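Dock chain one against chain two, each of which comes alone in its own frame, and use the hints as you go.
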Amino acid sequence: MALNLEGSSIGFDENAASAAVELAKGHLVDGTRGILTANELLLRGRVDNVWVGNSAEVFKKNFSTDIDTIKKNLEKSFEIYSKEMVAISKAMGEIDGTAVAARN
Amino acid sequence: MSIRSDFGNYASGVGSTLEEIFSGAASTLSSIFNVSGTLIGNIFSGGFTGISEDGLDELKSGIEKLITELESHIKSFNGSQLERAIKGPMLQATNSYFDAVKEYLSKYVAGLKASIKDIEMAKANFSQGAQAAASDITKDIEDVRAAAQNIDLG
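Quick note, the sequences are listed as chains D and F, same order.
The opening residue of the first sequence carries number 1 in our numbering; numbering runs sequentially from there.
The opening residue of the second sequence carries number 1001 in our numbering; numbering runs sequentially from there.
Keep in mind that the hints were calculated from the coordinates and are not lab data.
Possibly wrong hints are sitting among the right ones.
[To be verified] Dumping the calculated SDA-like pairs for lysine to any residue here, alpha-carbon to alpha-carbon at most 25 Å:
id	chain 1	residue 1	chain 2	residue 2
1	D	K71	F	K1123
2	F	K1075	D	A91
3	D	K72	F	K1123
4	D	K60	F	N1078
5	D	K72	F	E1064
6	F	K1107	F	F1077
7	D	K25	F	G1024
8	F	K1123	D	S55
9	D	K60	F	F1077
[To be verified] Looking from chain F toward chain D, a few residues come up when the C-beta cut is under 10 Å (computed):
id	residue
10	T1028
11	P1089
12	A1124
Predicted model, so just to flag it, every value in this text is computed and none were measured.
All residues carry an ideal CB built from backbone N, CA and C; glycine is no exception.
So that you can see chain F by itself, here it is in the shape it has in the complex (with noise of 0.2 Å):
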């Protein structure tokens, strides 16, 4: 048996085990990333009661800072920074986790830039519903002066 030929059983034989590895760590990580996707929902469940306009605007630049600290961080990950200290399966496992979590973290992002819209809409109707509570009361006085002007005085 030659040298090229040995290395060459040799080489077969880890590659189908680091196969093995790849296969086992992608399956696990997308079990748990894949899980708790579905476990990130609405974080207004309980609507908006007992805050006022600019407390929602309060809670939408609380919710901002926290998006964009967190989009400036997921793409400061780069596993490719490590190309010069490790190669080749190690390299590409690397690589695999920084996506996956990558990946994981944007969609909460995600889900946080959809809550903002929760917040405008929020807001949209507390103007709204400040307008027609102003109109009512608005008609309310014209209908008091008018019953007012109705009366009689004898």
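Looking at chain D on its own, in the form it has when it is part of the complex (with noise of 0.2 Å):
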């Protein structure tokens, strides 16, 4: 016989919550190094061509600093967010093990 409490299902599913802290790392955080990474070369190449002193090694240090700050800044994002599904990983766990068990 099948036992049905409405609202009271927990269902969770461990390999769905890796695949989504996956797709969060693909997207979000490698994505976005890629995007950061092949503009800042491309513009360096092109300051490099058409300016010349000292306001241009302002600019190009400014910029890098900008880029490497949002790139280390993403990676932390993703630590902590990865954290936070380990952790709700394990809390829905526990409940699931606890409330639902086989009959006797």
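As structure tokens, then:
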């Protein structure tokens, strides 16, 4: 006999959670990093062709500092998110394992 | 104790645990993104000395390319595409994370757009400066001519 308690389902899928984390890493972190890196290289090349002197060097340094900051913060934020997903998975797993048991 | 009330106790317990997880992650993400937000400043703090008017156009188009690509990338962020795979707290955490990254990168794009205005201003000043210089040169030539006409050759 199937037992159905309305509103009490807590089903979760650890594999799906891993897929979500992988998607976030690939799309948000790696994808963004790829765009930033490619454009930084392109822009530095253009600047080297059209701009000389100290102002150009300051621009390149400022631009690279911003890009590096963003990349580092995306990595840091991803660590927080992935730890959050593991913690949620653990919490859900605990209640799933405790509340649902096979009949004797 | 009924099955429902037994389950209710567990659900209540995990609920408060999840709230702690959410608030902890949100607080840390906020500190990472807010602190860095203030670090992203004026990329043209060194001025525009040493670049030509055409060079400014090159610079502008390079930054515009980055803006276009980032905006397109940000638009493609969509945690809800995972709705079939994950539910409840995991989906909530994922959507919050995607939104936080989206907001952070949008701030950077806004900063880049402001830098485009700086380039346009530099270009306007460049044109005005060139016109002023041309005007000065014309005036100098006229002065030289006038002076030459006044020279008494005896």
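Going through the hints against the structure:
| no. | hint | result |
| --- | --- | --- |
| 1 | D:K71 - F:K1123 | 31 Å, violated |
| 2 | F:K1075 - D:A91 | 32 Å, violated |
| 3 | D:K72 - F:K1123 | 33 Å, violated |
| 4 | D:K60 - F:N1078 | 32 Å, violated |
| 5 | D:K72 - F:E1064 | 23 Å, holds |
| 6 | F:K1107 - F:F1077 | 15 Å, holds |
| 7 | D:K25 - F:G1024 | 20 Å, holds |
| 8 | F:K1123 - D:S55 | 15 Å, holds |
| 9 | D:K60 - F:F1077 | 29 Å, violated |
| 10 | T1028 | 5 Å, holds |
| 11 | P1089 | 5 Å, holds |
| 12 | A1124 | 17 Å, violated |
Figure legend: structure checked against the earlier numbered hints; hints not met, in rising order: 1, 2, 3, 4, 9 and 12.
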